[in-house]
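Visitor: Each chain is listed here by its residues.
2 protein chains.
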Amino acid sequence: MLKAEHTTPDYAAMLRVAIEEARAGLAEGGIPIGAAIFRADGSLVSRGHNRRVQQDDPSIHGETDAFRRAGRQKSYRDLIMVTTLAPCFYCSGLVRQFGFQTVVVGESRTFQGGIEELREQGINVIDLDSAECVEMLTGYISARPEVWNEDIDVAE
Amino acid sequence: MLKAEHTTPDYAAMLRVAIEEARAGLAEGGIPIGAAIFRADGSLVSRGHNRRVQQDDPSIHGETDAFRRAGRQKSYRDLIMVTTLAPCFYCSGLVRQFGFQTVVVGESRTFQGGIEELREQGINVIDLDSAECVEMLTGYISARPEVWNEDIDVAE
Numbered sequence: 001m002l003k004a005e006h007t008t009p010d011y012a013a014m015l016r017v018a019i020e021e022a023r024a025g026l027a028e029g030g031i032p033i034g035a036a037i038f039r040a041d042g043s044l045v046s047r048g049h050n051r052r053v054q055q056d057d058p059s060i061h062g063e064t065d066a067f068r069r070a071g072r073q074k075s076y077r078d079l080i081m082v083t084t085l086a087p088c089f090y091c092s093g094l095v096r097q098f099g100f101q102t103v104v105v106g107e108s109r110t111f112q113g114g115i116e117e118l119r120e121q122g123i124n125v126i127d128l129d130s131a132e133c134v135e136m137l138t139g140y141i142s143a144r145p146e147v148w149n150e151d152i153d154v155a156e
Numbered sequence: 157m158l159k160a161e162h163t164t165p166d167y168a169a170m171l172r173v174a175i176e177e178a179r180a181g182l183a184e185g186g187i188p189i190g191a192a193i194f195r196a197d198g199s200l201v202s203r204g205h206n207r208r209v210q211q212d213d214p215s216i217h218g219e220t221d222a223f224r225r226a227g228r229q230k231s232y233r234d235l236i237m238v239t240t241l242a243p244c245f246y247c248s249g250l251v252r253q254f255g256f257q258t259v260v261v262g263e264s265r266t267f268q269g270g271i272e273e274l275r276e277q278g279i280n281v282i283d284l285d286s287a288e289c290v291e292m293l294t295g296y297i298s299a300r301p302e303v304w305n306e307d308i309d310v311a312e
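Respectively, the protein sequence lines represent chains L and H.
Mind the numbering: the first sequence is residues 1 to 156 in the numbering used here, read in order.
Mind the numbering: the second sequence is residues 157 to 312 in the numbering used here, read in order.
Keep in mind that the hints were calculated from the coordinates and are not lab data.
These figures come from a predicted structure and were not determined experimentally.
Any given hint might turn out to be false.
Said to hold, decoys possible - Derived SDA-like pairs (lysine to any residue); straight-line CA-CA distance at most 20 Å: (1) L:K74 - H:E302; (2) L:K74 - L:G42; (3) L:K74 - H:R195; (4) L:K74 - H:D213; (5) H:K230 - H:R195; (6) L:K74 - L:D41.
Said to hold, decoys possible - Take a look, some chain H residues computed to stay more than 12 Å from chain L by CB distance: (7) Y167; (8) A168; (9) A180; (10) G185; (11) A196; (12) G249; (13) L250; (14) Q253; (15) E273.
Ideal Cβ placement from N, Cα and C applies to all residues, glycine included.
Kindly produce the complete structure, drawing on both the sequences and the hints.
Guide: Structure follows, in structure tokens:
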């Protein structure tokens, strides 16, 4: 269910930014998951990517990195969280706690995370089912399964 | 339901460390919520506190701070997350995602967060109902309601 905006936000363009972040992470030797936060008018608030490997910090998933880089915001209700991969339970909790109403995910084939629960909570989750996102991440998982398992699959 | 350890972990002693962290945060001008991560044998893995105000970073709740300071761990299943206040949805998601099986909270009167859902997921949540924790936080909320509302109540 899209909000009644004058124009539908260009979610595919937003995802491009998150994909750029994922590729930047990959180039750094990290897990290729990227995220970005936008206003409803399409303007960028912040962008980030998973930095577990780079900073040796398991809390820095892509969504959390973008969130941190957004600084303190008065409200998140009108902001859009965009991520190359369905957010894990941690980052789904971030979305819920801080009141984001819209989440755009590049894909949820590789990992579903908490998107069903987000939908149950009335949050608008838009899944763009991007083949590029699937290929980028599955390629990494094939190459570095131990890092992936450590990162996101630990609770499975 | 406590695990079948030889001896029951000394949860009250663990909470003391989290309270010390909360008081350290308060002394820095921050929100007095502290956390610590312990092994089942009572040895300390890491400790941290809310640093929203100090670092201008809304992601650094007490639990996330302690988690970051623990570095990359192979598994969290045998670790105990101890926090002065019931974890919010974000930090409850952290607990769930990374597979902590035990959470000790100082209190859940001021804020319930996600502890009911954690219990539904089979996670052992031990609520010590500490008057000291309640007084420390409610005192802060009375003095600085705007910071509290920004921090944790945004999604309510």
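Visitor: Hint by hint, say whether it matches the structure.
Guide: Here's how the hints hold up against the structure:
A hinted pair counts as satisfied when its Cα atoms are at most 20 Å apart, and K74 (chain L) with E302 (chain H) qualifies at roughly 11 Å. With a C-alpha separation of about 18 Å, the suggested pair K74 (chain L) and G42 (chain L) falls inside the 20 Å cut-off, and the hint holds. A hinted pair counts as satisfied when its Cα atoms are at most 20 Å apart, and K74 (chain L) with R195 (chain H) does not qualify at roughly 37 Å. Proximity of K74 (chain L) to D213 (chain H) is assessed by CA-CA distance (about 13 Å); at most 20 Å being required, the pair is judged to hold.
Taking the CA atoms of K230 (chain H) and R195 (chain H), the gap is near 13 Å; set against the 20 Å cutoff, the hint holds. With a C-alpha separation of about 17 Å, the suggested pairing of K74 (chain L) with D41 (chain L) holds against the 20 Å cut-off. Distance to chain L confirms Y167 (chain H) as a non-interface residue, since its nearest Cβ pair spans about 23 Å, more than 12 Å. Look at A168 (chain H): its CB is around 27 Å from the nearest CB on chain L, clear of 12 Å, so calling it non-interface holds up.
Distance to chain L confirms A180 (chain H) as a non-interface residue, since its nearest Cβ pair spans about 20 Å, more than 12 Å. A cut-off of 12 Å between C-beta atoms confirms that G185 (chain H) is not in contact with chain L; the least separation is 15 Å. The beta carbon of A196 (chain H) is kept farther than 12 Å from every beta carbon of chain L, the shortest such distance being approximately 18 Å. With a least beta-carbon separation of about 2 Å from chain L, G249 (chain H) fails to lie farther than 12 Å from that chain, contradicting its non-interface assignment.
Not every Cβ of chain L is farther than 12 Å from the Cβ of L250 (chain H); the closest lies at roughly 5 Å, contradicting the non-interface assignment. Interface exclusion of Q253 (chain H) from chain L breaks down, the closest Cβ pair being 4 Å apart, not more than 12 Å. With a least beta-carbon separation of about 9 Å from chain L, E273 (chain H) fails to lie farther than 12 Å from that chain, contradicting its non-interface assignment.
Consistency with the previously given hints fails for numbers 3, 12, 13, 14, 15, ordered from lowest to highest.
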